[in-house]
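Peer 1: Residues per chain are reported as follows:
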Amino acid sequence: MDLLLDIIRLVVSVVIAYVVVFAAALANIVFERRTLAFMQDRHGPNRVGPHGIFQSVADAFKMMGKEDFRPALADPWIFTLAPIMVMIGAVAVQLTMPYTKGFTPADLNVGLIYIVAVTSFTTMAILLGGWASRNKYSLVGALRSAAQMVSYEIPMILALLIVAMVVGSFSLDAVVDAQADYRWIALYMPFTFLLYAIAAIAELNRGPFDLPESESELVSGYGTEYSGMRFGMFFLNEYAGMTIMSMVAVTLFLGGWHGPFEDALVVGGVAIVPLVWFLLKTYVLVFALVWVRLSIPRLQVDQLMAFAWKVLIPLGLLNIALTAAVMLWVPRWRWGLFVVGWVSFFAFVGLLDPILKRRLRKQRERVPVVTS
Amino acid sequence: MGLQVGTLKMTMDEIAADVVRDFGGDLENVRVQEPDTIVARLAREKLKDVATRLKAHPDLAYETLNWIAGVDLGSQLESVYHVFSWRTNTWIELHVAVPRAKAEVDSVTGIWPAADWHERESWDMVGIRYLGHPDLRRILLKDDFVGHPLRKDYVDLAENHPHV
Amino acid sequence: MFDHFATPEPDEAVKLALRRIEERAAAGHGSDMEGLAFNEVVVNMGPQHPSTHGVLRLVVTLDGELVKDVIPVIGYLHRCKEKLAEKRTYYQYIPIVDRTEYVAGMNCEWAYAMTVEKLMGIRPTRRAEFIRVIVGELSRIASHLVAVGTFTADLSPLGTAMVFYMFRDREKVLDLLEEVSGARMMFNYFRFGGVRYDLPDGWVEKCRDVMKGMPKLVEEYESLVDDNAVFLQRTVGKGVITQQDVMDYGITGPNARASGVELDLRRTRPYSVYPELEFEVCTAQHGDIFDRYRVRMEELRQSVKIIEQCLDMLPRGPVQVGSLRAPYVITPPPGSCYVGQENPRGEYGTYIVSDGSRYPYRLKFRDPCFCNLQLFPKLLRGTKIADAVAISGSIDLVLGGIDR
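Protein chains in written order, with my numbering: chain A, 1 to 372; chain B, 1 to 164; chain C, 1 to 404.
You may find that some hints are simply not true.
To be verified - Cut-off 30 Å, straight-line C-alpha distance, at most; resulting in silico cross-link-like pairs (DSS-like, lysine-lysine):
{"id": "1", "chain 1": "C", "residue 1": "K118", "chain 2": "B", "residue 2": "K152"}
{"id": "2", "chain 1": "A", "residue 1": "K310", "chain 2": "C", "residue 2": "K384"}
{"id": "3", "chain 1": "C", "residue 1": "K83", "chain 2": "B", "residue 2": "K102"}
FYI, nobody ran anything at the bench for these hints, they're computed from the structure.
Assemble the whole structure, with the sequences as input and the hints as a guide.
Peer 2: Right, here's the structure in full:
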């Protein structure tokens with residue numbers, strides 16, 4: 001009997017995971033296009049359905065109807081495998097999300113490590129796809145993607161470590177529980193949250209870190225040779241990733257499903273109101289992702305790497321040391337972390353910009369225009 | 001401060017007089033085209049030498065090549081050089097006659113780097129071969145195009161562009 | 001069996017790039033990796049590429065992200081304009097000139113009209129001169145908006161926002177030009193000795209309104225990127241054109257002025273009524289990408305200033321020499337002449353040889369982009385791909401003019 005229940009639970013979870021991934025991807029595409037259009041003073045897609053909300057459904061059907069095309073010189077197996085693999089990460093992460101009070105499809109005791117492990121799958125797929133395409137743009141895009149993942153995984157893990165330190169567990173349920181009563185981790189460790197957010201955007205390959213497919217340089221990077229539904233899978237994954245990274249961020253830093261009126265409406269043991277809070281918080285972050293993409297120009301490869309290795313990783317390590325020190329020696333360590341977190345947050349935000357500009361000014365003086 | 005335009009105030013007649021004084025042996029028919037251009041003819045053997053001296057001239061210093069045009073005059077071809085002098089803020093236009101039968105003239109890329117593409121264009125369009133040019137390929141037309149379309153005797157045939 | 005996917009035989013440019021790689025490898029400048037003869041790949045950027053602004057093709061030799069060598073290949077938009085001139089009367093040729101640098105058609109027509117007028121020895125009427133300056137500067141505003149907009153779009157989606165803002169405002173300028181000439185891009189508006197139509201009723205007020213709003217819009221654009229650290233990081237100190245380059249390669253226009261060279265034909269070789277107008281030649285000191293962008297933004301302001309002065313000074317009178325009906329056939333006396341004019345991209349001029357017939361005997365364009373593009377290999381060598389894209393955007397090429 002228990003086995004049967006487990007199997008039913010598993011099937012339901014997987015179905016939910018798939019539904020969430022695809023629905024999120026389709027919704028995000030329209031959401032982003034409309035938001036960007038609004039910010040850029042134009043209309044955006046508004047023909048299919050009310051306010052164009054079915055635009056991406058129509059696009060998905062169009063993509064499925066396209067010819068299944070493969071370049072003659074591409075590696076047939078890997079070229080086919082890559083778009084299939086690319087979704088694994090997104091779906092697998094979904095399985096451990098604590099959606100609401102009393103509903104976590106699979107509460108792993110190593111949830112944090114699991115998230116880090118499976119999200120890298122996407123990069124593997126991108127690397128394979130770019131390599132198998134036999135296209136130089138694809139190859140450069142894929143290599144950029146790999147380099148970027150390797151670099152930004154580290155600050156991300158450093159940020160996640162702090163969460164594990166504060167909570168004392170790797171389980172996502174435990175993380176959410178620890179954030180009850182508005183003790184959201186982002187509220188007293190904003191700097192850690194910022195580190196995580198930057199690394200997560202880089203992991204997502206989204207602007208300003210969208211180098212693997214930077215369309216003005218590499219046509220469309222690793223996806224240059226892909227068309228039809230194969231391209232569609234990469235595309236869906238990218239947009240599903242927005243939601244998933246936001247969900248992870250909400251769970252780890254913004255209190256998960258916690259919010260007012262948690263027990264107001266319970267249907268079959270599943271609380272509905274926390275689910276709404278969870279989705280609401282997620283979409284605030286998705287909006288922030290769109291906003292960031294619009295307002296920051298794309299970095300350059302060397303600048304991107306320098307930012308990870310020379311800025312984020314040292315700061316991440318320093319942050320861990322500070323947090324550990326505070327937790328060890330300060331009696332009411334949450335307040336200690338609050339002070340340290342906000343001070344370092346403002347120091348980072350306030351100092352980065354002037355330091356960068358000063359360096360640029362100096363660099364500029366070094367190149368003479370007048371030669372004769 | 002580097003590069004400035006028109007630091008040396010000279011009238012066109014003075015400049016023309018200077019040109020005649022220093023290059024009178026090589027340049028023929030030196031005349032002033034109002035408001036600010038000196039036009040002269042030049043034998044093609046002397047082109048490189050004169051160009052070097054024009055560029056190195058202490059006052060006039062014709063340092064920047066503006067453009068080169070190949071012209072088919074019927075009996076002969078002509079390569080026209082338009083060169084700018086920063087100091088006097090004037091131009092000089094050199095007309096170099098090139099015989100039709102042996103359409104060759106020395107390249108001036110070594111003197112004025114800007115000449116590179118202009119010479120390629122002139123070769124492409126009018127068929128003047130610039131000797132000593134580092135990379136004299138067609139520039140606007142396809143690699144396998146036959147003939148030089150801006151010559152007056154050019155006849156457009158299907159064979160001239162094989163890949164269309 | 002016929003292979004649909006066979007890689008085509010490399011053309012001359014690719015062969016040249018490959019040859020240069022081998023030469024470098026032979027000279028010991030190849031790979032630093034053990035066992036590899038060379039690790040450089042030849043990539044065709046263009047003619048279909050999102051950031052080449054037309055059909056420019058760059059054969060780029062890449063070593064990883066590093067650009068080792070660049071060979072520009074042009075001619076994909078070649079429309080035989082110089083050949084067409086042989087079979088068109090001077091009058092018929094005006095619309096074709098529009099299509100050379102299609103982003104600033106008015107300025108191109110102006111240069112052509114000036115050359116023919118010089119050949120014929122006629123001067124346009126005073127009112128026509130002022131109208132020419134107004135439409136020319138409007139055209140310059142429209143062109144700079146396109147240039148800066150597309151350049152920032154190469155850098156990021158932020159630039160895409162900039163493009164939309166700029167095109168929104170360019171629309172106002174194009175509406176003005178449309179009311180004057182009847183067309184938005186291919187104007188066919190200049191005539192020898194004047195312009196085709198007088199300004200319509202109420203146009204001056206409309207133009208004044210648009211110009212009044214313009215400086216505020218420029219400020220809006222500047223607020224988007226000028227202080228953005230990432231934008232600065234991408235543009236400051238990169239792609240430096242030195243003054244020696246300006247001299248060697250005949251660089252003109254904003255690209256030269258960004259290097260501190262005060263070369264502006266409106267001042268140094270004054271034509272039309274520019275000597276009577278007050279404006280500054282905008283220059284910058286460092287010659288990098290950011291300075292080129294800044295110079296263009298400043299020029300937007302100066303153009304607004306010029307137009308406002310012209311609107312104030314606009315005299316009454318005819319807009320055509322002689323009768324209003326243009327002379328459809330003109331025959332300039334035999335001779336040749338060249339007149340250069342300050343296009344938004346630099347010195348644009350036409351060299352015309354006339355044999356006294358109704359057709360130009362030989363017509364040659366001196367196109368600023370053609371000359372600026374020559375500098376590309378030197379400018380791009382040793383940069384990153386991303387830099388290369390930013391630099392080529394900042395040079396502002398229009399392929400219609402380059403390929404003719």
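Peer 1: Checking one constraint from the list: CA of K83(C) to CA of K102(B), max 30 Å. Satisfied?
Peer 2: holds, 23 Å
Peer 1: Holds or violated: K118(C) and K152(B), Cα atoms, limit 30 Å.
Peer 2: Given that 30 Å is the threshold and the Cα spacing comes to 25 Å, the pair holds.
Peer 1: Hinted pair, alpha-carbon criterion (30 Å max): K310(A), K384(C). Please report holds or violated.
Peer 2: Status holds; Cα separation ~20 Å.
Every hint, counting from the list given before, is met by this structure.
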